[in-house]
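Sequences and hints are given; from them, build the entire structure.
In order, the protein sequences belong to chains L, V, H and U.
Going by my numbering, the first sequence opens with residue 1, and the numbers climb by one from there.
Going by my numbering, the second sequence opens with residue 476, and the numbers climb by one from there.
Going by my numbering, the third sequence opens with residue 951, and the numbers climb by one from there.
Going by my numbering, the fourth sequence opens with residue 1426, and the numbers climb by one from there.
Quick caveat, the hints were computed from the structure, so don't treat them as lab data.
Just so you know, these numbers come straight off a predicted model, no measurement behind them.
Accuracy of the hints is not assured; some may be wrong.
[Claimed, not checked] Here are the simulated lysine to aspartate or glutamate pairs, DMTMM-like style, with alpha carbons at most 20 Å apart:
no. : chain 1 : residue 1 : chain 2 : residue 2
1   : V       : Lys541    : H       : Glu1018
2   : U       : Lys1494   : L       : Asp72
3   : L       : Lys77     : V       : Glu810
4   : L       : Lys129    : H       : Glu1077
5   : U       : Lys1502   : H       : Glu1018
There are 4 protein chains.
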Amino acid sequence: MTYEVKSLNEECGLFGIWGHPDAAKLTYFGLHALQHRGQEGAGIIANNDGQLKGHRDLGLLSDVFKDEKQFDRLAGKAAIGHVRYATAGSASIDNVQPFLFNFHDAQFGLCHNGNLTNTRTLKRDLESKGAIFHSNSDTEILMHLIRRGYSVGLLDNVKSALNTVKGGFAYLLMTEDKIIAALDPNGFRPLAIGRLVNGAYVIASETCALDVVGATFVQDVLPGQIVIIDDAGIHIDSYTTEADLKICSMEFIYFARPDSNIYGVNVHTARKNMGRILAKENPNIEADIVVGVPNSSLSAASGFAEESGLPYEMGLVKNQYIQRTFIQPTQELREQGVRMKLSGVRSVVAGKRVVMVDDSIVRGTTSKRIVALLKAAGAAEVHVVIASPPLAYPCFYGIDIQTRQELIAANHSVSEINDIIGSDSLHFLSIDGLKAGIGLGDQICTSYFDGIYPTPLYDYEADYNLGLKAKVSFY
Amino acid sequence: MTYEVKSLNEECGLFGIWGHPDAAKLTYFGLHALQHRGQEGAGIIANNDGQLKGHRDLGLLSDVFKDEKQFDRLAGKAAIGHVRYATAGSASIDNVQPFLFNFHDAQFGLCHNGNLTNTRTLKRDLESKGAIFHSNSDTEILMHLIRRGYSVGLLDNVKSALNTVKGGFAYLLMTEDKIIAALDPNGFRPLAIGRLVNGAYVIASETCALDVVGATFVQDVLPGQIVIIDDAGIHIDSYTTEADLKICSMEFIYFARPDSNIYGVNVHTARKNMGRILAKENPNIEADIVVGVPNSSLSAASGFAEESGLPYEMGLVKNQYIQRTFIQPTQELREQGVRMKLSGVRSVVAGKRVVMVDDSIVRGTTSKRIVALLKAAGAAEVHVVIASPPLAYPCFYGIDIQTRQELIAANHSVSEINDIIGSDSLHFLSIDGLKAGIGLGDQICTSYFDGIYPTPLYDYEADYNLGLKAKVSFY
Amino acid sequence: MTYEVKSLNEECGLFGIWGHPDAAKLTYFGLHALQHRGQEGAGIIANNDGQLKGHRDLGLLSDVFKDEKQFDRLAGKAAIGHVRYATAGSASIDNVQPFLFNFHDAQFGLCHNGNLTNTRTLKRDLESKGAIFHSNSDTEILMHLIRRGYSVGLLDNVKSALNTVKGGFAYLLMTEDKIIAALDPNGFRPLAIGRLVNGAYVIASETCALDVVGATFVQDVLPGQIVIIDDAGIHIDSYTTEADLKICSMEFIYFARPDSNIYGVNVHTARKNMGRILAKENPNIEADIVVGVPNSSLSAASGFAEESGLPYEMGLVKNQYIQRTFIQPTQELREQGVRMKLSGVRSVVAGKRVVMVDDSIVRGTTSKRIVALLKAAGAAEVHVVIASPPLAYPCFYGIDIQTRQELIAANHSVSEINDIIGSDSLHFLSIDGLKAGIGLGDQICTSYFDGIYPTPLYDYEADYNLGLKAKVSFY
Amino acid sequence: MTYEVKSLNEECGLFGIWGHPDAAKLTYFGLHALQHRGQEGAGIIANNDGQLKGHRDLGLLSDVFKDEKQFDRLAGKAAIGHVRYATAGSASIDNVQPFLFNFHDAQFGLCHNGNLTNTRTLKRDLESKGAIFHSNSDTEILMHLIRRGYSVGLLDNVKSALNTVKGGFAYLLMTEDKIIAALDPNGFRPLAIGRLVNGAYVIASETCALDVVGATFVQDVLPGQIVIIDDAGIHIDSYTTEADLKICSMEFIYFARPDSNIYGVNVHTARKNMGRILAKENPNIEADIVVGVPNSSLSAASGFAEESGLPYEMGLVKNQYIQRTFIQPTQELREQGVRMKLSGVRSVVAGKRVVMVDDSIVRGTTSKRIVALLKAAGAAEVHVVIASPPLAYPCFYGIDIQTRQELIAANHSVSEINDIIGSDSLHFLSIDGLKAGIGLGDQICTSYFDGIYPTPLYDYEADYNLGLKAKVSFY
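So, in structure tokens, the structure goes:
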């Protein structure tokens, strides 16, 4: 959530609903709870008796939807919506989802969370057959595959398309009379089903979005499943038999909201557990207080504190108004001590040996800054404990870690990192500790830590082996 | 900070600096740290070799200053700035400070935190002598008094004016060659002095704003003091001998940032202490977990947890994107369970007896909603503990509690409030506990709790005695 | 240009340039001169050494491009641009041109002025082959046809595509190393080539855009021609031998700017001629003064005045600030005489017999209002003379006259219209007079007046024969 | 109206109404017709049963009022409004009128068209007595004088204040129960009274604003008059007996809308007369066509054409979309021939000897550009005729001609100007011709042409005599 200082970005949040007169408005509220999954753009497509209309734009959800009147156009009992994450280059409205496709014989709305691994191959192949893509996203590919399917019914063509795309994906497809949701065979991305009091079904990237609209949790969508929601209710099927759950561990470590549950595991509880285990794995840190980096590391910090018996203190305060602040200190002012996002609380940390708990280290620059900030506030020692293992490998399934070059842990030992960030000691959670903290055994994907990818990498294989993975924008 | 759900509002934040080439920019950063003290409007006046220029507008600081280029107009080595709190009726640019006064023989910039108690009398008197006021604020009065002073030098006229206005005030006055700061004889509002590495002096409503610009704390401005900052450095004087510190206890309870220190007391620590004492005062609550209402009650909650030995859990999650969200659920949707600001975390609270820690109760509506939300998330019992005494009397020194009618504790017993908000038990901190938690003895103002006002109330006296205090807009 | 009160709308303006370091900026200035051809949206694609980047948005050109810095992204020596006309339903950014197509092996920018007559057939056929369209416009079709072409070189595929689309079109296609322009076989839409002092070639919908950028007129693009502009200069070819010029007469009557020349005919001069001939055809109108409806009818009015010997007076004044005025008088206020766009000048028209010259009558509502306005200002008589024949048939080549139902002259005799609009007499220019005024003989399209279409109507044929042409949005 | 290229600016437009349920809305429409008198800012104050509320902002009227809902706050049967002209330095919301003054015992709305000549003296005097001014405008002075008046009733204090201020002024003062309008003793600025069908009275700077709201003209406000409009109807009085009409001739030459009448003279007709007389005064210009500079010179040009017998042609076309265009050609592009505002029509002017009619020459830069533009379009000769005398003296009564230095005719002979602007000959209207054209004899102010000021200049006297008049911003 401290997305300003991290280079980790989730690839989006999804919400869909079928069967409520305020479908678009509920989608808005659902997306509002998923805003942390994407701040670049947002959109909603509503289905009004078979006619699809949409609105989407760049910006936060509250920028895109400012006016109650916007929902007049989005009447209807069903809707899907999307929030999209922020990257510099691709900040074009063309990439903001859901996409609305108008054919002479049908309309479709489509949105996507995740990243395909055979995008390049599929795009080239489709383009050589006359296909024209309008966005940089790989979401459109599914629509092309569906429309070019050889089967008779829509559903068969969707299933066939789902078997053609590879990688990490959660899709919502709105047709004139149903919502079709689907999850990749490894379930890299979370997707949960809920039900409203009136019987309407909702589907969302995280359960916090179900809670916000007052829905009761029904079940997680399972790997390889395809879910159809329409006037007849809900129907769950599988498009493949080769499913093998490998939910992204980063969802637990950093991305998901603490009040969400994924496969029965509460994210706050998992983080607190990771903090506890981290304390167990590092029993010999001599310190006076435990301080979490707000906001994403507070759960882990409280776990660490409880386990270690050290008091849990608010030694760092985050400015709540940083989100849309355009004026930034110059380098010169920064050197004079001007800072905006985080403040160290002198009266809490001065003279203290501080255990600083953070969720992860990407480039190391943020950690370095926070350590310096605590020391400037008088901390006698700063021991950095990270509630996840060293991040050493890129992700190809939907998290924006693009190259090994940017990852400090891919290029430096723990001891070197300790020197670089200026901490007095540095400790990472073990992979086993991570698994124990989450409690889903081997059903989580830990490739960022161990480089073991649960699937072939297709287009990325060659680059990856060369250690020279280019920017995604290349494709 | 959960200002959306409270009806408590601080009356503003001040920042001033003399002696740095980036004075306006530093003022911006300082105000950014004080944004929680006022979200309605913001402004900065810079002093460029004796020429004053300003920019101010309605909105958050980051809305008012969006563009680096705006600071080109605000060149100069000195600046003052202001953030203003939000009320419905007076949302006019005319009221946004600092005010810039252009006379044929001088320029002044003026801003103010606090509330005068003899505004009506002074305004009528001045108007009867031909004065014209341009805003609804009572800030202008000081300028009129200064300009109509009979003394020879500016400083004597300022002192005379400071002795004429009554109530709570912290002023910053920018002239062509100095900044003059002043605090009321009771020091109701906080005001602190800091120094930058380059020797420049800064002055701010809270020390967190000193930290943000890299300034070292020098001292708090004391009641009845007048501070002059200019090229010669800093000079501290008194305009009255009848000073008697009565710093607003609400600054500690709710308003100030946890990383600020006021008269040597860290706000987070004070809150944690209050939480501890609250636990001591209520040793018999049988519960499983402690949950704080984010964000302002987290310190108190951790204190309560430590003292009581109960685990401190994240049972409530606050949406971080709520600040500028315009679309709100209808009453009907709210009844269906749609909510946006706070979520109860089912997996944390379900089946648990919860101690819910909040900082204060104003009308009771928010508490009622949060209790319901925890119960809807499965909490077996909800015991509400409030880290301050019952709020039963209005404030006339700068906090927007306008009438006794709105205050639930002015009209209901604790037991009645417990029924109204639906909690299983309800406990307030005692006034003695509050004093002990803050640790400044009788130097705090507790009039909201005991109705004992440290000064005469002047214009408000009659209304107040009748128990029919009208809206401030009446004056 | 009084586009607010007319229901006649041009389908767009085009501008392209190859060979100037400020290509995008010059495109901006060129489009600025073509703004009257489309106020809904605008865009520019620049070519920077083979890399295409674009910016487009809804709104007037000056809204879309507000900041010099926007042109930093649009560096390069070549650019194409487009302004688009306003319709209610399709006001989506998806329809704003030029379109930028990114293929794995190429980039294209494409924009279009005109209307195809076989859109529906082509779209259905292409969709049945897997094509996906992203806008409602028929512009995309050309790109699909080109990419699906069977020929080896791009140019042959472009030519083949140009022979497949039917109707009215002027295209600009930007590739990595050239601009390709093309005009339909009847040259319904104008398109002119110019040259800058530095040798760069420019191409634009009207010559006024050449003038504005300081270009010298080279020649009109002729029907059926395809023009290639690249580093080697300009190359003009034909993609068909069946060319037959039928330039839209409405360009002369109403759309084009008076300072533009089309096929050697100055628009102002043509209009003045039409006014003269109208006066000759109606020698017996007894009147005192001639008043033109500003701004589009002023040329015709001055011609009428000169020929008739009557003084030309400013009896109607148009408010110049009407363009973006959102507040409109209610029906009740309108009945009380409140009006905003046009004012009758009492001291000019009071007691006078007025010849009111207008360019055309579409629905009759505007004419009725202006006649009433002149009478309210005291005109003794109002004789309406229209500098074009009665508008009785729709256009399928790029002007937004959609159905016969809306056209008053398709449903009423001249005498009936005279009664409806409340004039004392009403006179239209004859078709022969129109031709004589323009001076291009039978090389103009007059189908709106005589129902004789120079081409088959394809998709529209059936609807048209039934007299029940549906809205274009149907397709 | 070609305000972009002139340095002549009117000082504002006024509108007031008493007695209509849609008073604020009608004020909006009235101001819309007066927009040419001021584009910097606009505002409306409405009177709702004695309670005054207002809205004002920088920008065009249509920017300031974008939403019907804004008029909900402006309910009431009476309103006053103002449009303000644009200068660079003073573009602050503080200066946008009408001003709303809130006293403990009364409310006032005040707006002003004109310029006082004893501002400096009065401001210094008032400030020395404790007055505080909030804007740079001299409008506030009247309010201070009224509030400091020694008389018993408001009206007497207003009259007394009107006798204290000197220079050019038209005021509208809204009180709780009436509108008070007043004109300076020379009537430098126009002000007209009208009546609606329902009996409500309206008052406006120009009659075109009466027409637009459907009001019938009643009379011009005469010099030295004070007009009271309230529920009892209208009451006209005088505050001085020393009235002597000297209406600004520039209103007829350039500022006022052609459909306005001032003291019975229609502006278009006056301009056409000036053009005729200009032709009579210069019978020997050998030319082929007459071309007016759009839009303000078209009336004069048609008069010139009729008198001279030369055809009146559209040789110059003005881009109608220039108003809010931010992107401007660089000097380099301008030299390459890029232009945006005016185009010369080659096919009209090529090879022709052109009489170019303009209303006035201020600095000469615009004339030079237009002459060059006509020659670039092929004009064989360009004879410039100006429908006013040489502008050689500043105005102190409300037109923004600040110093003699900027005025080309103050520093150069006609022959020199002819050389500077590059015309083949140059001719100005004589002062007698101007008077004859307007037809009000010596009742017009011609000080810009002859330096004879109808009043003492007060504050400006010394500067003026020294020929070194400083910028107004000095005061």
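Which numbered hints turn out to be false for this structure? Hint 5 contradicted; others consistent.
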